[in-house]
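Number of protein chains: 4
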Amino acid sequence: MKAMVLHRPAPVEQKPLSYEDYDLREPGPGELLIKVISCGVCHSNLHMIEGDWVKYGVPAKLPIIPGHEVIGTVSMAGPGSLHREGDVVGLSPLYSSCGRCDYCITGNEHLCDSVQITGETVDGCYAEYIIAKDEYVYDVPGNLDLETSSPLFCPGVTAYRASKLASLGPGKDAYVIGIGGVGHVALQTVKLFGARAVAVSTSEAHARLAEEMGADEVVSTDREYSGLSERYGRADSVLVFSPSQKAIDTGLKLVKKGGTLVVGVFGDIHEFRFPTEITVRGSVIGPRKDMKEVLRLASDGKIRLKVTKFRLSEANEVLQRLKNGEIIGRAVLIP
Amino acid sequence: MKAMVLHRPAPVEQKPLSYEDYDLREPGPGELLIKVISCGVCHSNLHMIEGDWVKYGVPAKLPIIPGHEVIGTVSMAGPGSLHREGDVVGLSPLYSSCGRCDYCITGNEHLCDSVQITGETVDGCYAEYIIAKDEYVYDVPGNLDLETSSPLFCPGVTAYRASKLASLGPGKDAYVIGIGGVGHVALQTVKLFGARAVAVSTSEAHARLAEEMGADEVVSTDREYSGLSERYGRADSVLVFSPSQKAIDTGLKLVKKGGTLVVGVFGDIHEFRFPTEITVRGSVIGPRKDMKEVLRLASDGKIRLKVTKFRLSEANEVLQRLKNGEIIGRAVLIP
Amino acid sequence: MKAMVLHRPAPVEQKPLSYEDYDLREPGPGELLIKVISCGVCHSNLHMIEGDWVKYGVPAKLPIIPGHEVIGTVSMAGPGSLHREGDVVGLSPLYSSCGRCDYCITGNEHLCDSVQITGETVDGCYAEYIIAKDEYVYDVPGNLDLETSSPLFCPGVTAYRASKLASLGPGKDAYVIGIGGVGHVALQTVKLFGARAVAVSTSEAHARLAEEMGADEVVSTDREYSGLSERYGRADSVLVFSPSQKAIDTGLKLVKKGGTLVVGVFGDIHEFRFPTEITVRGSVIGPRKDMKEVLRLASDGKIRLKVTKFRLSEANEVLQRLKNGEIIGRAVLIP
Amino acid sequence: MKAMVLHRPAPVEQKPLSYEDYDLREPGPGELLIKVISCGVCHSNLHMIEGDWVKYGVPAKLPIIPGHEVIGTVSMAGPGSLHREGDVVGLSPLYSSCGRCDYCITGNEHLCDSVQITGETVDGCYAEYIIAKDEYVYDVPGNLDLETSSPLFCPGVTAYRASKLASLGPGKDAYVIGIGGVGHVALQTVKLFGARAVAVSTSEAHARLAEEMGADEVVSTDREYSGLSERYGRADSVLVFSPSQKAIDTGLKLVKKGGTLVVGVFGDIHEFRFPTEITVRGSVIGPRKDMKEVLRLASDGKIRLKVTKFRLSEANEVLQRLKNGEIIGRAVLIP
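Chains H, W, Y and C, in that order, are what the protein sequence lines are. When you line the first sequence up against the numbering used here, it's residues 7 to 341, in that order. When you line the second sequence up against the numbering used here, it's residues 7 to 341, in that order. When you line the third sequence up against the numbering used here, it's residues 7 to 341, in that order. When you line the fourth sequence up against the numbering used here, it's residues 7 to 341, in that order.
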């Protein structure tokens, strides 16, 4: 099959992915061979491909096929699988977990110490085919558009999980800082939990996307996030999805006493002066139940995505655009 | 009356408190005049007296009488008070709140923006008498020792509230870092919520106090908290009451995925790398309901205090000892 | 002033309310005299007026003016009130509470043992004026229609509280059984908490109201609620607001394992076979914070009411219509 | 092997269990053959054996070996099992679940629709050997007494789960009604969650057991539970484990507003007058995580059992004694 393969991490300017033939093994017991229909391009793909996470041991193998948000059809089902050839399924970054530990038996399998991550510890979906574990794929509702719905499997569940971890409800307000792939979904999921959603963005184009996605209020700001708390007040919850340390620092200042800051991107907390009764939580993808809820909500028309399609072979160029901040919503690769 | 009065913040080495006569007004409507039996000496008194918090506007007035954990008897009750002369009552740092805002009407009056803090924005209990609001004093259970129980009103409620904000329960573990005035109570309150309590201290004397207070395990460590997570593993909750930035940084490394770090002292969070699904919460005193629960638990013999008594006029010397780390448990002043 | 006064409970067919002159005292400290703009007619008014609750000591006095959901303007403010003449305010059934007990200091003042109930233990709003406690009235948002918004103060908060007590969220389903005064609001509040709302009604007219109010699905059924669980399956939550024992019994059968039945009307639970891990909760009005949230949601256009206006003097006739099931949504009296 | 086999449900007076040879198949993939060390005798065994549950389809097969709380050693491990010959393991009533449904992937596998129940739908432990699923057995801590700890696997987890579902905490009170096999553990688990435990029993012998197990207060009462709320007041939580409808009805009257009644036995709720803000919950065994927590707590000495040993062949006589109320704590069968 054809795939975009990473042999050595490097800046995307150097086009580190090569479009080449790649041998795929047969699916084993409880595994599925999936023909990829659509694969989303995540900002964390960029981190891995450029080598930012080598210090964390990611990628765990080389060469590797990146990509962790995918929709496809089952081509072949290994023994013991509950799915059959032709089923339309999706896969998230949560490739598998041990199934036995305390996290796994309490619905927190995304925190399992033995978790495998699609496209980071095993081959991902920048490819024509991918092998997945039957227990970790999801049935895709029949009314979803298959080419543009793959981002439900990463930004969808990430935004939803972060919303669950926040302090939301009909009487509450939430800031969503950063209106990219995850943020443009979080605006919607925050509202699904009843809260009023205020979008904060340093980009005019992203601010317009926030309006399109139904934000109750949209704040365009400079890269310093100057004077936000003075002008707009503080909120019960702040969710940060902008990959900028300044955004996290600003988020902390926008949380009410008793409220919650949820950080869904890589960065540090600085100057968190204690004691003051606020809560800061990190959020990273989510368990299978959250993923299933996202699919149902999307099927009910309650989560929409802004998606631009590219060809699989264009992955290097798409990553470059993402790095430049030129992708509005999410890009997907179509093999 | 006699009181220890602060006229100008200064290092305790300069004995900033002067023992002098002080005029007290009469209690107004809904107020009580309380004759002080015992007044605890809190580490935050030290911060205020030495001027560390001038930048935060504390003290809010000068001269001021410090002290915010007190037991006494009602000497005179203003009109409309429900208490009567002779009642034995206590007062915490929560001197009063507005009673009307969203925090106040939901049992979070300690977060009210109009909160008054005993000994910081109004005169406190380093004195023979104190005036308090009838609605913010508590009946002291008859079986408590009055001279040694005043610390229930600050370390007691602080430790208890922090425990409520942690992730505790019969199947869980908690580290308590810093076994001073609050920490030696937190070891007990953490266990009241069902958790296994592991005390961590850099002081041999404090480690012995932890054993005396019933810690399930006691870890003596160096000031760098070296190798704790390697040797002892991570826990569902970590509560930090040691006024050291290093303790907070260490606490963060000792929290399990899905777990909670509660910080009950002044300091910053550094290097909180996201995203990872952990929770960090600040905790600061607590609402009246928590204070009432602490009093009942103490009355039932479930919270004990390690207390050393001093004379009111010795306040400067006691603060010096506290600064030197020479107070085991809590010091109280007896007028 | 003119009022509709109850001298002796009796069936509404006998027109137990008399339109007469009634002397009102002056507002005392912390009290307000409010000129009534609109007063809702609640099904529980009917219970009290017809004598159903004499066994529970309601009404607590005779003669009494019924009515507990009101909007009006402040005519006179007693000393110490924070409101001023001309302010537009509302009052709910929660007339006052003690302010001191554990319920009151934890935001559950509606459960206070000393609670006073508007129109049941003190005079209500079937009148030109009403006296209220300053601390228990609410500012009415400027964009609300004053004549038709008074039902926010009983069905509004009742539906909202019941929704808070249910198991709701974006991934969940809820049945609302009974689409009367409370039910037609509950359909909306259930959705505000993210759930999918299925209305169940034995009346065609009420079923149409449910559609108008945005129910995701509407089920018309016979008075036996036959075969609902077989046809429609069970849900995470069921909220019952139909004053029929059959509705409650049916509700119990419609709850999923792990789910919640909330009962907001008078009735018993029968045949609740244990053990099975489901939850049953009673719900009755709600605390002030919930009332404030309802007002904000209504102001944001997220809660709508179906209201028919009548003259104050028509109260007997309106109650008769209510008894006959002829009121769609809610009736209000305009003095 | 030898087993006590039920061929036809009948009153225990007729000795329905026969001690006979029974053929056991080999363990399949992911299964274990366990040599029984100890098997507890549960009150629900009595219900099944006497035919009370035929109407619910229990037992699901005949002949059947009853018994669902067991400790034993692994004799043979089928392919794919993580346990090995000689491992000491335990098994609860939760024999297996589907592993795929929403309950299973959220740590509520005890609510799975496809759950198998040890000794009710598959053969249980009134036998020398039992076959179990590797994923649903638990490692027994080395410091537990193996012959007397098997009741941890049913009363242990049942009492613990019910306590989790109640409203408990350091500032709260709980009644435990019925001090039998489950109740004598619940007294302890309620305290592990911080609450004050008040035991209520109609039997002097059971009341003495409650004292021995550390109840904070013990109330002996008549079979009508007369005047309890008047004499002892109401509590935040009431847990009912007495198989008597009167106990459940009484429990309902002993719950505070805002509190919770947990019912862990078979029976109905009657006369639950709504609306009033209380919660009623059924509880039935618990998921694997709860079972693991129980084992750890027992290993830490925090849960104790009162156990009497009998020979396996005495099962009919033991059930007769249980029916007569003559078993104090729990009986176990030793093959």
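In case anyone wonders, no lab produced these hints; they're calculated from the structure. Please note that the accuracy of each hint is not assured.
In the EDC-like style, the derived pairs of lysine to aspartate or glutamate whose C-alpha atoms are separated by at most 16 Å in a straight line are [said to hold, decoys possible]: (1) W:LYS8 - W:ASP27; (2) Y:LYS298 - W:GLU217; (3) C:LYS262 - Y:ASP108; (4) Y:LYS295 - H:ASP242; (5) C:LYS298 - H:ASP108; (6) Y:LYS41 - Y:GLU134; (7) W:LYS312 - W:GLU217; (8) H:LYS139 - H:GLU32; (9) H:LYS259 - W:ASP274; (10) C:LYS262 - Y:GLU134; (11) Y:LYS41 - Y:ASP119; (12) W:LYS298 - Y:ASP108; (13) H:LYS263 - W:ASP108; (14) H:LYS329 - H:ASP108.
Status of each hint after checking the structure:
no., hint, result
1, W:LYS8 - W:ASP27, "holds (5 Å)"
2, Y:LYS298 - W:GLU217, "violated (49 Å)"
3, C:LYS262 - Y:ASP108, "holds (12 Å)"
4, Y:LYS295 - H:ASP242, "holds (15 Å)"
5, C:LYS298 - H:ASP108, "holds (9 Å)"
6, Y:LYS41 - Y:GLU134, "holds (6 Å)"
7, W:LYS312 - W:GLU217, "holds (12 Å)"
8, H:LYS139 - H:GLU32, "holds (12 Å)"
9, H:LYS259 - W:ASP274, "holds (14 Å)"
10, C:LYS262 - Y:GLU134, "violated (38 Å)"
11, Y:LYS41 - Y:ASP119, "violated (29 Å)"
12, W:LYS298 - Y:ASP108, "holds (9 Å)"
13, H:LYS263 - W:ASP108, "holds (11 Å)"
14, H:LYS329 - H:ASP108, "violated (38 Å)"
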